[in-house]
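Number of protein chains: 4
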Amino acid sequence: MRPPSSPSERGLFDGVLGRGPVAAEVADRAWLQAMLDVEAGLARAQARAGLLPAEHADAIAAACVAERFDAAAIGAEAAQTGNPVVPLVAALTGAVEGDAAGQVHRGATSQDILDSAAMLIAHRALGPLLDDLDGAARAAAALAEHHRDTVMAGRTLLQQALPVTFGLKAAEWLAGLDEVVARLADVRLHRLAVQLGGAAGTLASLSEAGPEVLANLADELGLAEPPLAWHTIRVRPAELAGALGAACGVVAKIGRDVTLMAQTEVAEVSEGVPGRGGSSTLPHKRNPVAAVSAIAAAMRAPGLVAELLGAMAHEHERAAGPWHAEWRPFAALLEATGSAAAWLRDCLEHLDVDAERMRANLELTQGALMAERVTTALVPALGRHAAHELVQDAARAAFAADRPLAEVLAEHEDVREHLDAGALERLLDPAGYLGATGELIDRALRAHADRTGQPT
Amino acid sequence: MRPPSSPSERGLFDGVLGRGPVAAEVADRAWLQAMLDVEAGLARAQARAGLLPAEHADAIAAACVAERFDAAAIGAEAAQTGNPVVPLVAALTGAVEGDAAGQVHRGATSQDILDSAAMLIAHRALGPLLDDLDGAARAAAALAEHHRDTVMAGRTLLQQALPVTFGLKAAEWLAGLDEVVARLADVRLHRLAVQLGGAAGTLASLSEAGPEVLANLADELGLAEPPLAWHTIRVRPAELAGALGAACGVVAKIGRDVTLMAQTEVAEVSEGVPGRGGSSTLPHKRNPVAAVSAIAAAMRAPGLVAELLGAMAHEHERAAGPWHAEWRPFAALLEATGSAAAWLRDCLEHLDVDAERMRANLELTQGALMAERVTTALVPALGRHAAHELVQDAARAAFAADRPLAEVLAEHEDVREHLDAGALERLLDPAGYLGATGELIDRALRAHADRTGQPT
Amino acid sequence: MRPPSSPSERGLFDGVLGRGPVAAEVADRAWLQAMLDVEAGLARAQARAGLLPAEHADAIAAACVAERFDAAAIGAEAAQTGNPVVPLVAALTGAVEGDAAGQVHRGATSQDILDSAAMLIAHRALGPLLDDLDGAARAAAALAEHHRDTVMAGRTLLQQALPVTFGLKAAEWLAGLDEVVARLADVRLHRLAVQLGGAAGTLASLSEAGPEVLANLADELGLAEPPLAWHTIRVRPAELAGALGAACGVVAKIGRDVTLMAQTEVAEVSEGVPGRGGSSTLPHKRNPVAAVSAIAAAMRAPGLVAELLGAMAHEHERAAGPWHAEWRPFAALLEATGSAAAWLRDCLEHLDVDAERMRANLELTQGALMAERVTTALVPALGRHAAHELVQDAARAAFAADRPLAEVLAEHEDVREHLDAGALERLLDPAGYLGATGELIDRALRAHADRTGQPT
Amino acid sequence: MRPPSSPSERGLFDGVLGRGPVAAEVADRAWLQAMLDVEAGLARAQARAGLLPAEHADAIAAACVAERFDAAAIGAEAAQTGNPVVPLVAALTGAVEGDAAGQVHRGATSQDILDSAAMLIAHRALGPLLDDLDGAARAAAALAEHHRDTVMAGRTLLQQALPVTFGLKAAEWLAGLDEVVARLADVRLHRLAVQLGGAAGTLASLSEAGPEVLANLADELGLAEPPLAWHTIRVRPAELAGALGAACGVVAKIGRDVTLMAQTEVAEVSEGVPGRGGSSTLPHKRNPVAAVSAIAAAMRAPGLVAELLGAMAHEHERAAGPWHAEWRPFAALLEATGSAAAWLRDCLEHLDVDAERMRANLELTQGALMAERVTTALVPALGRHAAHELVQDAARAAFAADRPLAEVLAEHEDVREHLDAGALERLLDPAGYLGATGELIDRALRAHADRTGQPT
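Protein chains in written order, with our numbering: chain H, 1 to 456; chain E, 457 to 912; chain Y, 913 to 1368; chain C, 1369 to 1824.
No false leads were mixed into what you were given.
Quick partial rundown of chain H residues pointing at chain Y, CB under 7 Å, derived from the structure:
no.: 1; residue: Thr264
no.: 2; residue: Glu265
no.: 3; residue: Asn287
Anything over 10 Å on all C-beta distances counts as not near chain C; from chain E, calculated:
no.: 4; residue: Ala515
no.: 5; residue: Glu523
no.: 6; residue: Ala529
no.: 7; residue: Val545
no.: 8; residue: Gly550
no.: 9; residue: Gly591
no.: 10; residue: Ala598
no.: 11; residue: His602
no.: 12; residue: Ala649
no.: 13; residue: Glu681
no.: 14; residue: Gly731
no.: 15; residue: Ala837
no.: 16; residue: Arg859
no.: 17; residue: Glu873
no.: 18; residue: Gly888
no.: 19; residue: Asp898
If you are wondering where the hints come from, they were derived from the structure by calculation, not from laboratory data. Every residue, glycine too, gets a C-beta built ideally from N, C-alpha and C.
With the rest of the complex left out, here is chain H:
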């Protein structure tokens, strides 16, 4: 064994694109450790099945410490055989004391080790990843609750359309986060399975003990036990990829909303981490670094998911290319989703919300968003057609003259006849035209509380 590689595996773009705890869980050291954990687990699983003495398993497990191996050297030697397991097993065999050395990797093939390690990596990475998504969900829940009645413009096709509340927007974010957390947690619990089949999936070199060793290994590693080898049936990584891709999509949506609300001309929110994203000479400028970085990481997902789905057609009992093609996107997708989640949580936990500006922006259109409601109120008195014509004319006149719709309507005899000043004011109050907004927020909060088992 050569000296270990440098402890720092952090790189030039990692602060922006590899933020949070997930990056370390998919770094080379973590892969090394995961592969070693599988080798150790395999030895223990065989010891439990009576295939080798417990002391041998212990001796093997004792050597399975990533720091004792040189990832760069193993990586270089991997070119001879096409995967890093072969040189790792050689190095591990050299590191094990006594007779146990001969029992290293027994009954397994390289793919067993690497596939099981990948599942371990995913299991471990999903821990902090789900923490960060959950943190973002909690922050969204808090925003939903706090801003339940903070009126703002709802926008369709980036045009103001109808009033909503910021709480409703946050509740929709929350619902999305809850959906992806639920799915990822489900994948983590049920779909990350150990892989053990030997060279061709038959467990031939373990003879009758194969299935028992398989069950023991699943137990040792805390992974699910599959009915049979999935070496060339890649539904498990594909489902993980799909779930991560959906999570990234939700992050991208929320990040997009934040960057749009943070625009200089909109200024409804800003990111409130002191010293970040500022400019010494442009004090109005607070770059939404967290939202931007979350978006950037999340944008990787469609292509990376496509890579993993595009590598599912494994030939026969081991693929001639597609298997190796999974390694990079598998780690990259976990890293990207982890970074997206970490940045989003940071963003939402530090979001400064300007409720006054939200209200002010809503008033930019001087009541136009409420025109529909006035029409509805006039229908009983004027009939649908006349009511519609009247309000439409008033809305156009108000827009053309840059005047409040209330003023123009109040000048109209038919309106005055049926709606007194107070009634008109109430009708034109956006806070009164929110439909089921409050109830919908509550539904999202309840669903969140149900999922997390905590009252909001």
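Following the hints, position chains E, Y and C against chain H.
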């Protein structure tokens, strides 16, 4: 209303790429009908909530028949507003008799109709799609059972490696199909939800009745009821996409295996549909049309899933591009998966398996695949190192001289001393070196039976 | 032959997603005609090479009229052989009069016809597609020229940063459009090549005349002549895909800018097609339908390009899946790019620009964008550090008090000493801090004029 | 400045997936150096324009040495501002001696540095990448020449179809490699351009000197000079991506062919690097490690290209996410293509070709591939229909009885009458039914010689 569009919506590439019943479920006529079903359901849902008379709902529902509308004309008019719902609502309003016309589309926005229609489309398409995947799974189960002991070469990196049985290969196919069917069925049952929010998700124009109408509409359409509008939170389409993508990956894997086994030089399987894929002057040639077409359809998935995941960042309360960007890939992904499933079922239901050729191919390497087993048998007598050296030398000598390993081994004194002719023959019999193959097949068959509730 | 299919091939989503002339160029009828044109060209090419009488070629060519064939029926029959050429050739043979019938499709294989037809389709579709991109470029050039000095806020990360002119923004759009037009025109001219190889690429059944027929066919069809068959070397479709993908990216960028500038709170541009995108009761709302639809179409490209690139690994002399997998995305990518181009041209040709609002938005930050420039002006007098501190303090004070930077600066003694009121005013005039904006616009306009051969 | 990061940046999967010289060109150290080269070039470009003293430029350039900077630390600090240029500029400023420190990064924005560095990275990486593709092309040319007449089965849909020569297959590989090399060389020469615009693309802080500095910088860095800033018009990276994607597609095609020909049952080629891919106990097994690894790397391209194309919609003057989203896939795509090219070259330079086995495989079908030719020869005597029927019957009979077609035909009176034994033998000789194979190979070799300027 103009005259209806031509009944045939089948095209030049549909026989190959749009095979099976799913294509019709995602054709324009099906979309029209689904949108009309949502409008009818909406009217009924409001009638049940007391918002309009039942007769009005009935009158609206009576007009909601796709054949009465002209998809091409509606499509053309959609360019004015950016979606086909606006002209459809205008046409439908014109088609409804009496006062009920004024109640068409009440409280809804275009996206409510189109999103709910998309979910209906998915729900309907998944019916036959799951049938075909299930049919393929049944065919795989039958192959697994019938060929439980049909020995063949297991191949890694396209090189013969260890014996397996064709039953094991089919059992792995089966396990993959079962996994994707289970996931798709779950998505169909739980994740396809109605969409109703009005222009900004608040259900404003339905005032307090909004949530009740939402629940009623879900009930009318047989879709799940979401906690709140998911107009810009696209986890549901993304999860559907991920599940379809994984299904296509399994199809591609099986199709790839079939085309490889069907090679002229391998000739272990062929597709047995009379008259298909044949060549009048090349009688040896039976093109695996079904497998090839299944692969071709399945290969669309990674890109189409990427399209849908890449369109998740919807701005604010309605996206300025990403929403519209979903329409084509949503339908195309269902069509592609449906075609892939239909072809695969066809392929597996008509697969001619040549067990003799499988055995003959396995013997091409004249026992080399069993070398590992002989080594293991000699270890007790000779020690690990000597046993390994002996067998390795014999294997090389046999390969170099193009002789059976058995012959070369039998000439070796150390072998003869410890293994008599019968023992050597047994050791070199591939059928005796299958490890847990039978049990693993049974596990896959049991899991299949558990899922489908049917004994295999 | 059955009766022809319906003349209308337009669908429900085509008004939005299949706009412009390209859609018709990739419809089934166009594919039928292109395949027939290849068959006709092949007959003529062989007649020119003396392989068959000119009358036979004429008889074949006379039958090659798409309207005489039934795309749906051919598509259905294609399932027997795996591609539509086989039934088309049968139908064509039946349609040709006399002895010439026996000469139909001579020496060619199905893939020759379909690949050459695909190149014809691309060649034809790129005509109007380039027209639309060119039209968009001309509109951008006009905007660049007209708004050379229309000052507006430059925005980084969606925050106002420095003044630019709308002309510069339009000039950058122009440069992007010119780049993609140049590349697509190059691909069209040099890279769209005829395909002819016979079943295995050897031109075996044409014996010595093969290369001459190949050259003649290229000439007949107006396509490039390749050195040899590219049946399984898919660089040509891949290069086309890459060029279309880049074009879509430029469209998406411009569309994104337009939708952002069209936001209610920004209101710097709007789409000016009367009656489109409007709302009767929301007169302020002018949905940017063209920009939104352009974005939506353009967003398909990454996934579709991935499909085509992912289908490049063709096995041996004809692919078992990847070839068939190209057909749908090939047409879809042309359609999407065509629709994106048509919508973008429409958008830019009808863009209403509000120069006053641009100026007003720039003033939202009350001079902050010019702070950097004042610093530079004070450096000679105060030194870099002191100048920077002074201006930074002033900027912060102005922002905190919501006052113009000019006012705050003017109160500062060190400023008044070195800059009189006029100088300060000039320094704070955004129109004076545009660097090389005018020259850069001119460079883009000149490059455009050079490319198109027309003065701008 | 902290101590430099470890010299080894090689990782666990790099031996397989990051092979060859390109990986180092896209590693963190190379990025650091490229950014520093841009800063140095910028200083020199300004000195040449008279904006700062030459000594200052020299002092800045002297500090621009990657080894003096800590990539990990800079990466970590980048999280504050959203990109690594800000902390790098701070570190560089600290490293420059004297007054020159104040001139570091003058007039530039972070994106100018990173975009120009990316172009430098691409320029540098494409050097060895093109070398490796060229090496692969040379190897393919040698195979094409050497095996001009090595007859083998041409295979369509993985079924034997018609004879070809291995030289023709290699010539098609060659043509594909030549195409992608030509395109990549063109992109390298003409499309990799310097980026300089300042914060908003106006070059404001360089006043009139902006364009001159731009030209000087292009000259200093050996990159093209763009008409104006392309900070948000991403055609250049997109074109590079498209060209790399096409290159990967060709690699994948060749790799696929090699793995198919290397199958145990086909055994027409094997990789001949001693000690690689072997198995001590399976001497027949020579894993095609190079081809498999080439395929694996190449399979990344579709997803990575999709990432880059999907990130083209940059908002306004700097994107809020899409820009940052480019960094990882930009480097990853270069690395993947570089690794694919290096492995492919290795594979083709060491390919052992078994011409005898090719011939033997062709004879598996006992003449059936030649049936078409016999038909043609009998047409003049028997007429088309009768000739076709006769040969078809004979082919079926031969196949059914597992007899050579020649034997069966020779028993037929009509055949004997018109074809003597010698004529029949000649007709059934695959080497005589190769059409224009030789000429087509020569065309490909000539095109290759034309491109490279070397006689083959």
